[in-house]
Amino acid sequence: MPIRRTPAAVTAPAPALGLWALHDLHRRHYLAYAALLLSPAEARLAVQGAFEDLAGRWLEALATASPAACAWQAVRDRVCTLAGPRTLGPVAHLTAPQQDVLLLHLALDLPADRIAALTGTEPAAVHARLRSLASARRPG
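First residue of the sequence shown? That's 1 in the working numbering, and the numbers climb one at a time after it.
Treat the hints as calculated values from the structure; they're not laboratory data. On a predicted model such as this, the values are computed, not experimentally measured, just so you know. Check each hint, because a few of them may be wrong.
Estimated spans, in silico, between C-beta atoms of each pair [said to hold, decoys possible]:
1) His93 <-> Glu52: 27 to 35 Å
2) Gly84 <-> Ala125: 26 to 34 Å
3) Ser135 <-> Trp20: 14 to 22 Å
All C-beta atoms, glycine included, are put in the ideal place defined by N, C-alpha and C.
Work out the full structure: start from the sequences and follow the hints.
This is the structure in structure tokens:
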């Protein structure tokens with residue numbers, strides 16, 4: 001019985017499938033986050049560029065505790081580079097994880113468990129950041 005071969009263009013290496021599955025799973029939220037800080041066209045380019053960059057180091061990302069965190073960081077880095085420091089001005093005093101939680105929760109209305117999955121963070125850490133932001137907003 002002859003072996004049937006699948007064209008190379010149709011099959012991607014197994015590790016790359018995980019990268020694009022992660023992209024497809026979170027694309028809508030990556031774009032929504034990027035669109036908070038960039039124009040819609042720039043947001044699309046930022047997310048696309050982040051994943052193209054990540055594709056070159058995807059095997060390294062797979063060796064980490066959280067490939068989702070690597071993907072989030074790639075998106076965040078690309079967006080922040082394109083947006084420049086002035087865009088985060090009102091929240092610049094917060095740490096990067098606090099900025100993420102603030103924007104994802106308050107601006108995009110994502111629940112803590114969704115933020116955890118998107119950013120590759122433990123749900124307890126997201127809850128703790130939300131509590132710290134809430135207590136910081138309360139008057140003394």
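Could you tell me which of the hints above the structure violates, numbers in ascending order?
3
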